[in-house]
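S.K.: These protein sequence lines map, in sequence, to chains P and S. Quick note: this note's numbering has the first sequence finishing at residue 272, numbered continuously throughout. Quick note: this note's numbering has the second sequence finishing at residue 1379, numbered continuously throughout.
It should be emphasised that the hints constitute simulated quantities derived from the structure, not laboratory data. Please note that the accuracy of each hint is not assured.
Cut-off 20 Å, straight-line C-alpha distance, at most; resulting in silico cross-link-like pairs (PhoX-like, lysine-lysine) [stated by the list, open to error]:
1) P:Lys-174 <-> S:Lys-1186
2) P:Lys-36 <-> P:Lys-47
3) S:Lys-1031 <-> S:Lys-1228
4) S:Lys-1120 <-> S:Lys-1185
5) S:Lys-1138 <-> S:Lys-1149
6) S:Lys-1228 <-> P:Lys-174
7) S:Lys-1126 <-> S:Lys-1138
8) P:Lys-256 <-> S:Lys-1149
9) S:Lys-1228 <-> S:Lys-1262
Computed from a prediction, not measured in an experiment: that's the story for all the values here.
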Amino acid sequence: MNTTWSRFNVTSIVLGFAFLYLPIVLLIVFSFNESKLVTVWGGFSTKWYVSLFHNQGLMDATWVTARVGVISATFATVLGTLAALTLTRYTRFRGRLLFSGMVFAPLVMPEVITGLSLLLLFVAIGLDRGFLTVTLAHITLTMCFVAVVVQSRLVSFDRSLEEAAMDLGATPVKTFFQITLPVIMPAIVSGWMLAFTLSLDDLVIASFTSGPGATTLPMKIYSQVRLGVTPEINAACTILIAVVAVGVIIASVANKRREVQRQLDERAAQRG
Amino acid sequence: MKSLGSIRRDFAPWNDPNAKPYIQFDNVTKKFGDFTAVNNLSLTIFEREFFALLGASGCGKSTLLRMLAGFEEPTAGRILLDGQDLRGIPPYRRPVNMMFQSYALFPHMTVENNIAFGLKQDGMPKPEIASRVAEMLKLVKLEQFAKRKPHQLSGGQRQRVALARSVAKRPKVLLLDEPLGALDKKLREETQFELMDLQQNLGLTFVVVTHDQEEAMTMADRIAIIDKGEVMQVATPAEVYEAPTSRFVAHFVGNVNMFEGKVAEQTANTTRIAGSSGAQIVVDNAAKTAAGADIVFAIRPEKIKISSKKPADAVNALEGEVYDIAYLGDMTVFHVRLDDGQMVRASTMNAARITEDPLSWNDRAWVSFRPDAGVVLTR
């Protein structure tokens, strides 16, 4: 591998990362701005964070978002896992291709269309728009992502583990809960996290399907920005970024450590 | 009566017409779509027998094992275990346990919990489980590894955990799918004897699937040789080697020379076979065969003598030239090209360090054998 730092390499890395992170860095920096003017630096301050916690509207929206995220991610994980199990286990049922196509279609479906069609459905069946409809819409949106994540784990799952469990006297149900589920649990957890994150930052579908009293954080931020960006919003976004970043870092560090530990164990075992 | 090789132990229920079969395959057929994995196969296995299913990969031997375990149902025919028809009984209600080729150890459980898994399913009281697990760990000499996870074990240790887990429930029958396939040669040889001891001590019926003929010969009381979903021969290792009933079996187990020809003349017990080039041999064969019929005499390399001069008293002696010599230490294998073009393989034990009658490449040589040194095959 070439490890020398040529001028070209350094330039492209700096440009690349600047392209990705400069807007976010600006946002974070200005969340600590003393001045009320977003684009003028007036000194360091954390007052916007304090006022953020006194902004009832934002706090309500955060609470709604968290509840929608947890509930929809949980249901989506259950449904997505079941879909993944069906798709990997029953490879020869009638209409399998149609089923898999339909499960994965929302992955590429424009959100506007998903949102609009859900809105039409809710209106048609007379369901009042609010907390329930946003949650349902998010389940629809995120289920297929969970299915993809869990399915990729199930493809490499050694079926003889289940056969061994049944051979030792475990019924299919016990086998599923004692063997299959624990083994694929890491994939299910990352599926849940993905679903939660998707629900957390969705604006389009939420705008279509939400109603009074169920404004999510992205909707709230968006509507406030239209009235003018305040440093308070910057603070809210910074906290959001911090939450997501911490989650991602914890997940990947845990993963990495488990992998390293596993390799060490295996090497130790080989030596006897 | 002449005996075929040594008998491992005084155990031969298959020769007793009153012995009750323990496992019975009755005209079992298994199809996967258009592919016939097992074709109208019948087989009997006795209690406490160490039975091997030997065959090349894809011959249907693993399917037989999986049908016994309950992972596959026969398309036709039935399987009886101790007189009970197994049809429709799911794997978790069958009194058989299986040791998987991949070991299939539960990766999220410790060694201890892996072994206890089956016992817990039966609702065995905790103190009993603990003592049984301890007993099993002792049996496979893994006491100090009880708290480890499978990925913290070496291949040989994993194999022993899998074994302990599958015998923990004291099944009536233990099924072993290529139990030693993933081990290196030295470990494999040691483990073969451990498995035999275990089977003797626990008094279990073992059915083992293997593609390794040496493994089957070493461990099994009887071997079934399977080809294309059919049984070619079921016999003791000595019978399979010394008295194969078909060309396939003769070729599959060990090395063999085939003398092909037509029946020239038959007396009460012997047959004179004429090869295509005119060379004739006389062999023991009491079976009546029409003159002129195609016939094969199969003989193992170590039953053929090789010498530089024509042996005076030999019934069958054929002349040729030494084509190749392979010195293996304990024995030497000669490849002799007979004057009619046929290659013959003859092996000699190197019992003495110095040979009196040394043969070299391209030397003229005689191969000779007794009329009863091989078998006559018609199929």
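S.K.: Against this structure, judge whether each hint is valid.
M.R.: Do the hints match the structure? See the list:
1. P:Lys-174 <-> S:Lys-1186: violated, 39 Å
2. P:Lys-36 <-> P:Lys-47: Distance of about 11 Å is within 20 Å: holds.
3. S:Lys-1031 <-> S:Lys-1228: holds, 12 Å
4. S:Lys-1120 <-> S:Lys-1185: violated, 35 Å
5. S:Lys-1138 <-> S:Lys-1149: Within the cut-off at roughly 17 Å; holds.
6. S:Lys-1228 <-> P:Lys-174: Violated, at about 37 Å.
7. S:Lys-1126 <-> S:Lys-1138: Measuring from Cα to Cα gives roughly 18 Å; hence the hint holds.
8. P:Lys-256 <-> S:Lys-1149: holds, 19 Å
9. S:Lys-1228 <-> S:Lys-1262: violated, 29 Å
Going through the hint list in order, the structure does not satisfy hints 1, 4, 6 and 9.
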